[in-house]
Amino acid sequence: MNFLEEEIAKLNRRIQKIGDNPDPSKLKSNKLLYELELDYRRHQLEAWQQGQLFAEPGLFQPLVQALGFEIGDYIMAADRTSHADQHFDTVRAMGFPDSLCDRTIVQLAMLKSQHMPPPALVISHNNACEAIKLGANALGRLSGAHIYPVDVPVNAEEHPEEVLAYVTAQLQGLIEFVEDRFPGHKFDEDRFEEMLEAD
1 MNFLEEEIAK LNRRIQKIGD NPDPSKLKSN KLLYELELDY RRHQLEAWQQ
51 GQLFAEPGLF QPLVQALGFE IGDYIMAADR TSHADQHFDT VRAMGFPDSL
101 CDRTIVQLAM LKSQHMPPPA LVISHNNACE AIKLGANALG RLSGAHIYPV
151 DVPVNAEEHP EEVLAYVTAQ LQGLIEFVED RFPGHKFDED RFEEMLEAD
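Counting from 1, one number per residue, gives the positions in the sequence shown under this note's numbering.
Fair warning: there could be bad hints in the mix.
What the hints assert, rightly or not - Straight-line alpha carbon distances no greater than 25 Å define the calculated PhoX-like cross-link-like pairs of lysine-lysine that follow:
| hint | residue 1 | residue 2 |
| --- | --- | --- |
| 1 | Lys28 | Lys10 |
| 2 | Lys10 | Lys26 |
| 3 | Lys10 | Lys112 |
| 4 | Lys112 | Lys133 |
| 5 | Lys17 | Lys28 |
| 6 | Lys17 | Lys31 |
| 7 | Lys31 | Lys10 |
By construction, these hints were calculated from the structure, which means they are not laboratory data.
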């Protein structure tokens, strides 16, 4: 089973257990969260099976969704996999060091082992640790994805208007980049507003 199938099975078991043995000391929102996650994982699996394009969105999930991509939450999957030992063996066989942050290196093994859908687009950014940026670049290279880097300056508090304009221009460039390279993918402003609100 791939990661999405395993998550669906796990979430089904959790929901069933809560339904069979309700515990009044637990929040009802726990079950609701599991049900929402189950719907999301089913949606991702169906999209993968239908050949829809996935993206690693970096910091920009609502924008990437408004451009028509499915979200591949590769780092979150690496955090939650139940096959870490197997994936570390794969990492070593691929020639990557196994001493890096788990989430940044295990996602590469999950891609190689077809536990996750390959991304068609990877947004790389420097607003997190260096390992996340390099992991995104490796994810893109391994999958043959288009990689779009976004530079987010560290002086955002000192010059917020300048930084906002600078990053906004790069995101406008991302829209042009996608529309040029992915036929049928057009920026949907209504969808963008909807995703921003949900986010």
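query = Among all the numbered hints in the text so far, which are the ones the structure does not match?
reply = Failing hints: none at all.
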